[in-house]
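Please build the complex by placing chains B, C and D with the ligands on the supplied structure of chain A, with the hints as guidance.
Protein chains: 4
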Amino acid sequence: MKRVIKNGTIVTASDKYVADILIEDEKIKSISDQIDEPEAEIVDASGYYVMPGGIDPHTHMDMPFGGTVTADNFETGTIAAAYGGTTTIIDFCLSDKGKSLKSALEKWHSKSQDKAVIDYGFHLQISEINEDVLNEIPEIIEQEGVTSFKVFMAYKGVFQADDEVLFKILVAAKEHGGLVMVHAENGDVINYLTTKALAEGKTDPIYHALTRPPEAEGEATGRAAKLTALADSQLYVVHVTCEEAVEQIAEARSKGFRVYGETCPQYLVLDQSYLEKANFEGGKYVWSPPLREKYNQEVLWNALKSGQLQAIGSDQCSFNFNGQKDLGRDDFTKIPNGGPFVEDRFSLMYSEGVHKGRISIHEFVDMVSTQAAKLFGLFPRKGTIAPGSDADMVLFDPAVERTISAKTHHMNVDYSALEGIKVIGEPVSVLSRGKYVIKDRQFVGRPGMGSYLKCNKFGLK
Amino acid sequence: MKRVIKNGTIVTASDKYVADILIEDEKIKSISDQIDEPEAEIVDASGYYVMPGGIDPHTHMDMPFGGTVTADNFETGTIAAAYGGTTTIIDFCLSDKGKSLKSALEKWHSKSQDKAVIDYGFHLQISEINEDVLNEIPEIIEQEGVTSFKVFMAYKGVFQADDEVLFKILVAAKEHGGLVMVHAENGDVINYLTTKALAEGKTDPIYHALTRPPEAEGEATGRAAKLTALADSQLYVVHVTCEEAVEQIAEARSKGFRVYGETCPQYLVLDQSYLEKANFEGGKYVWSPPLREKYNQEVLWNALKSGQLQAIGSDQCSFNFNGQKDLGRDDFTKIPNGGPFVEDRFSLMYSEGVHKGRISIHEFVDMVSTQAAKLFGLFPRKGTIAPGSDADMVLFDPAVERTISAKTHHMNVDYSALEGIKVIGEPVSVLSRGKYVIKDRQFVGRPGMGSYLKCNKFGLK
Amino acid sequence: MKRVIKNGTIVTASDKYVADILIEDEKIKSISDQIDEPEAEIVDASGYYVMPGGIDPHTHMDMPFGGTVTADNFETGTIAAAYGGTTTIIDFCLSDKGKSLKSALEKWHSKSQDKAVIDYGFHLQISEINEDVLNEIPEIIEQEGVTSFKVFMAYKGVFQADDEVLFKILVAAKEHGGLVMVHAENGDVINYLTTKALAEGKTDPIYHALTRPPEAEGEATGRAAKLTALADSQLYVVHVTCEEAVEQIAEARSKGFRVYGETCPQYLVLDQSYLEKANFEGGKYVWSPPLREKYNQEVLWNALKSGQLQAIGSDQCSFNFNGQKDLGRDDFTKIPNGGPFVEDRFSLMYSEGVHKGRISIHEFVDMVSTQAAKLFGLFPRKGTIAPGSDADMVLFDPAVERTISAKTHHMNVDYSALEGIKVIGEPVSVLSRGKYVIKDRQFVGRPGMGSYLKCNKFGLK
Amino acid sequence: MKRVIKNGTIVTASDKYVADILIEDEKIKSISDQIDEPEAEIVDASGYYVMPGGIDPHTHMDMPFGGTVTADNFETGTIAAAYGGTTTIIDFCLSDKGKSLKSALEKWHSKSQDKAVIDYGFHLQISEINEDVLNEIPEIIEQEGVTSFKVFMAYKGVFQADDEVLFKILVAAKEHGGLVMVHAENGDVINYLTTKALAEGKTDPIYHALTRPPEAEGEATGRAAKLTALADSQLYVVHVTCEEAVEQIAEARSKGFRVYGETCPQYLVLDQSYLEKANFEGGKYVWSPPLREKYNQEVLWNALKSGQLQAIGSDQCSFNFNGQKDLGRDDFTKIPNGGPFVEDRFSLMYSEGVHKGRISIHEFVDMVSTQAAKLFGLFPRKGTIAPGSDADMVLFDPAVERTISAKTHHMNVDYSALEGIKVIGEPVSVLSRGKYVIKDRQFVGRPGMGSYLKCNKFGLK
Ligand SMILES: [Zn+2]
Ligand SMILES: [Zn+2]
Ligand SMILES: [Zn+2]
Ligand SMILES: [Zn+2]
Ligand SMILES: [Zn+2]
Ligand SMILES: [Zn+2]
Ligand SMILES: [Zn+2]
Ligand SMILES: [Zn+2]
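Residue numbers (the numbering used here), protein chains in the order written: chain A, 1 to 461; chain B, 1 to 461; chain C, 1 to 461; chain D, 1 to 461.
Chain A on its own, in the form it takes in the complex (with noise of 0.2 Å):
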């Protein structure tokens, strides 16, 4: 089937042009000045942008986390995110110790299979090395299709990997074809602070953020920035969200090295002032890391401007507000870590970036999509409008004003931590291999439509 879009004002990375696109058998065609096709259907983008779909490198969907899981899994989630303009995401796969890596890939093959609406791909998480690991990693990259290695610094006793892990992982990175992802935070010096935290009564949401300062992200980001340079490997910070970070991320670039760094949309618009809403309200705003104090935002739009952070994830990871958050009423460290963000993505980037005059729209294209695309191997199959790319695209009205709300989203979960915010700007209708999944805001997809994606190797395009 053949479908042209015509008369939008297409945006790439580089580019904006006003033309039409032919889109055939899931592939864009052509894109010509005007394309007259009989045969095929026609869609009329006057007055929007057409952008590559957005790609979010960081989800977590149907994931446990302390005895709960997530609100949303593979089918909402992903839902929600052809909602927001999204038409990839890679979600974190998570391995079990002392069981093989490719098991821990096919219980996450299980859990998206037939639900996901739009493609996946798979990031995976390891926190202990032995031979039986190393020799898996070749077949993981080169058979599974999964190029991208994640390693916590911190939650001590659970995740948490030690530097000599960590280095391994990147030798072996960098050996094979891999790009190694850390979430950077000092868990030991967190989990003195929280246990004395705790241990002086002091249980409110707001000691979450304080207890995680951001000293000890800048001190983890720049330990891992130093371990890649020493191993000559790659690095992808995820969810940067301060000042202390951002320098260790720019000080190893300068000199050269492969470090990149991803924050999230909570980061620039919420801070931990938030925390402190009263009737247990702050326990919405909980992330590891915490929100930062707000001077915090202009650093992390100054970083992403002038291109010390990459990307932007969501790092979706809902969890309801009743009967999940509030099981730490009690005690903050019983809080869920995590929130939904993989609806608002897209456009609040868009909203504040772009429409804010922060950054430019060729800029808003590059960190919502093809960044993430070249980082982890998709590139050009994903994160552009050009001719033998696929059809992911999103038709945007940057002229709508709307009003973000739990009531309105379709996330399944019962709040919103952008409730009541503004946003311009809005994904109209949202293509997925030249299929829509969202036509004119309204969800016309199945679940199971979306893919699994074998991602390439990392390497310089």
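Worth flagging that the hints you see were computed from the coordinates, not collected in a lab.
On a predicted model such as this, the values are computed, not experimentally measured, just so you know.
It cannot be assumed that every hint is accurate.
The list treats identical chains as one, so a pair stands whether inside a single copy or across any two.
Listed next, the in silico SDA-like pairs over lysine to any residue satisfying Cα-Cα at most 20 Å (straight line) [claimed, not checked]:
1) K196 x E175
2) K196 x K457
3) K439 x A399
4) K115 x R446
5) K255 x R358
6) K115 x K156
7) K156 x E128
8) K255 x E215
9) K107 x S451
10) K255 x I359
11) K6 x Q34
12) K174 x D326
13) K115 x S451
14) K255 x K294
15) K422 x E352
16) K174 x D232
17) K99 x F159
18) K457 x G357
19) K255 x E363
20) K454 x R441
21) K16 x G459
22) K196 x L134
23) K174 x T195
Structure of chains B, C and D with the ligands alone, referenced to chain A:
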């Protein structure tokens, strides 16, 4: 007339894919996996990269300097540029104190008209600021299409402007949409050092480098960046050569200031030791700022890769070795500053950058073409391959190996600073607004086919 | 005549111990746990600190400025200094363009002779460099005992020297053993900003601060430091006020360059908000560089503690509020710059520094006395308590609390910038070369008892 | 008994003057330009510097390491120290996991008592933290007079403590008045690199350096400094060797944190190339951290001069070349780490520092003596020449030139790492609490004359 470029690998600052391109009426009309256009001339680009024509934002054609004039004028210079894959130059128009800015532009129009074989724009050099000059600036920007203004912080007693002049231009640029460019070296210090060196009988070319130390460039670069920050204006630092300067630009950028930097191929491949060549051969390598110690090359590559520097200019400013350079045989201060690089800029960056794995091919296109178009108000007319853009493009053979030599180059100058250096890759055919300038390695254009380009105001695209 | 200071706690830049001190012939003769010298006058110092007399390396006595002259001359100024625990000042001698340096010194000798009640030396300000000046410098250093030279980077059109003048002085200082001092602010930028502010009708004192931004100080400080590095010379930056400047000094020092910095008590305890006081009271707080935002205070304390700044000067430059400061009631640029601080420098640093736990008592002595002696060639004659040194000392009561007020201070000026501020500690008695200047809080000296001090060349002691 | 040191040039961290010193009852009683004390023994110090005895804050006497024990014990080691001008050492007491801290001190007392010829104190090494240890710390500080605690960030599986242990010690130190010391290298990375090197058959001494890269030291140093900042505690980084580490300390200090650094003479005069000496001679130069590339020497000198590093320790830890060092002939990891330097520390710093013009003589005294006394709670008892202080002093001949050699040194070890190196200056006589230990270059003391020193709590003096 229509032309179809078939089967090339199209490469832009963001994308890379195989497709056909239809050109009509000087513009790119469509891009498609297959274009069948019976009446069009077919150009087989199989095996070639099809890239946006190079944009050289830093040339001096037909420029008087110290009693002589550059060896290349707008005809020979643009023919050589075209041979090298460059389809746009932005040349520096020098103004005279006491005369109107417009009169300076008129002089430059008369030098270029009927001569240029590719399109060209102008930057305007300013060395004094008074009411007349300030009053003229809005008109220069709005009507003349000149939106970038050059200030020299060196050449004391000749071009050098003091900090108050620089600051006033920064303020005016901010107000009216201009971009300020600086030659950043501390002219006061250099004046002292050169006078002293000559007084001590130090006359060889190497003293050109030793009397213009990198600290003098770093100091001036930092000063210009800080004045830009204070004025909340925008700055483009031309020909950045050393770590001291890169650090200043990086620091300003990390704080969110609109400071940009250019380096030149000579600083990436040559070094200070060339000035010590015997028999006054060192005189061929006299640029200001001078070539630096070799370790700076890696600093510059890292700065390009990490986005601290944005663009590559040739600083084309050719003087014959015999009859011009040798004016300074007994006094290095009399050696005309500059060298021939407009022809080799593009290929050298490909060979040293992409071929040697230092940068991606997208970064290459970005720095030799797209960024200049964006910074100087020519995008998307120039700098990309997309429907609606001018059909300025290069068919580039990435496989061929050749040796650079004055015997085979097309610049009107009797030596090459790259004599004997091997490069991989060659522009085979070059089109300017859809017309061949170079076809199968032969010049097929004619003087005057290049047009003057009015640049748009500076602004976030 | 002999005098024994008994039972005091002797404190130097390094030591602290209880002992007796025997003074004979203006010098310290011995220090012992017990001195029994029958013919000596006994001074009971029990409960007091006995410290080296303060050295104030930055005063302007009897100085013309903008059509008026400072309220304090060498008599009133040095009496006040002595009350405050200071036994040596180094005053800035202003030279006139076109006249000999020696004639400037003669003028300053005639201002100070028969007036000063404590010893004094001179720095010499230079604003032009020509053959005559360069030829005079060796003699000034060798015979006149003036070894420090001041250059202004601000006050465009009045004192401001360009970079070439500064560089030549740096070179001359290195050659002949001088130390270059700079007032580091970018006068060009300030000239633009003040002119613009006045043109916009912004005439209140606060605009003094707003038109002399910290970036202008940071820029000039870094420039001076880099020129010093290039000249391999030595530099003392007077009145450092802000983070931007501290960073530049710290960077130069970390690379091993001989760059030193001074701050003043006003920048440690007052801040920019004082300039906003109603009824033109803000005019009392006009210094150049101006008072800064409050967070800079901590930056300065840290810089003192970590050794990035070395000395504390008062920048004593007093003007009466009525009749002098109020010349600028309708135009902040007409407010005479400066304030009265020579009397309070010592006590304020003790109270805010030592008493509040920010610095050790040894660091206190070092910065208010010893370092200035070492940097300006007066050590060990001045700046310590050791056999052979001049018996310049302060008996300091660390327990007493008092309130600073113009009603009780001894400077010849009608206001105090510290009115109402409480300090802990007070100089009780002060000796200059073994003679009382202040005895039990009363002035007992006489004009002319202070001697001119020839300073030694700059050099590592 | 009384003794008068006559006509020497007394030099302290601050002062330099010619005077006589009267010693009585182990203490300095008076200092005077002339002392006539008939019953006193007269020591003619004409032409000599009389300086505070050196304090070596970093020695390992009689220490077991990898199955062997250091060649020097408290007798031979302190005799050699005294020959070299050192009158106090602070030795590292190793504790055992599972045993009380006090039992460790008892063991160290039994090693030193009746052996030492100069005074000595202890640092206490800790590698685990539990309730017992935490409960013991206050008593150790208050009653045992041990106020400094050493943590290893390297030697994985042996001494290495994790970040939580380090953090808890920092917190305890802050609370009770201790100073935390770290051996800062990332033991995890080093563990990986050494294992890998051995697996690849890389067994020569040079691999000791190559598997302990400076980045691993810089990383750990920065981590320790950041944890100290978070705990608002105090830190002393032992044996700093490289630019990467200096930068971290300087940054912490510039922010006002109480972070101090020590370097060792070996890092100032030797470099990594020594490890490549043939015939396993390289094994003599195995320290941890290792000797670095030569350019780091200048970095360290600059750091000392600008106050970023405070003290010089010898890291005395001697092993014979034959029988000990050569245990690692076939495996660099089996070479006992350390070397003999307690005897040469003082002279080498004078010769390379003061004589060569890198530091002033006051800075010399400060870093080889006074600063250690102040940081470790021994001041003013030790570290200066002032009435009331212990009469620990060195008569130093600054003119004599001599050559260091194992043949003539007094350490109980069969080689010198400085064999053949010439130094200017020599300790002629050395007094400990007023008694000669070395008289006219001969040992005249006796084992056991040295006393154990209880250190005071850490605090701003
Ligand atoms: Zn995380
Ligand atoms: Zn996450
Ligand atoms: Zn230039
Ligand atoms: Zn140029
Ligand atoms: Zn001043
Ligand atoms: Zn002043
Ligand atoms: Zn160690
Ligand atoms: Zn040690």
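Each hint tested on the structure:
no. : hint        : result
1   : K196 x E175 : between (42 Å within a copy, 15 Å between copies)
2   : K196 x K457 : neither (43 Å within a copy, 25 Å between copies)
3   : K439 x A399 : within (18 Å within a copy, 46 Å between copies)
4   : K115 x R446 : within (8 Å within a copy, 62 Å between copies)
5   : K255 x R358 : between (27 Å within a copy, 13 Å between copies)
6   : K115 x K156 : neither (33 Å within a copy, 46 Å between copies)
7   : K156 x E128 : both (13 Å within a copy, 17 Å between copies)
8   : K255 x E215 : between (22 Å within a copy, 13 Å between copies)
9   : K107 x S451 : within (16 Å within a copy, 62 Å between copies)
10  : K255 x I359 : between (25 Å within a copy, 14 Å between copies)
11  : K6 x Q34    : both (8 Å within a copy, 19 Å between copies)
12  : K174 x D326 : neither (42 Å within a copy, 36 Å between copies)
13  : K115 x S451 : within (10 Å within a copy, 57 Å between copies)
14  : K255 x K294 : between (29 Å within a copy, 16 Å between copies)
15  : K422 x E352 : within (10 Å within a copy, 48 Å between copies)
16  : K174 x D232 : within (7 Å within a copy, 38 Å between copies)
17  : K99 x F159  : within (14 Å within a copy, 32 Å between copies)
18  : K457 x G357 : between (35 Å within a copy, 16 Å between copies)
19  : K255 x E363 : between (23 Å within a copy, 17 Å between copies)
20  : K454 x R441 : neither (29 Å within a copy, 42 Å between copies)
21  : K16 x G459  : between (27 Å within a copy, 15 Å between copies)
22  : K196 x L134 : between (37 Å within a copy, 15 Å between copies)
23  : K174 x T195 : between (37 Å within a copy, 19 Å between copies)
Hints 2, 6, 12 and 20 from the earlier list are contradicted by this structure; the remaining hints agree with it.
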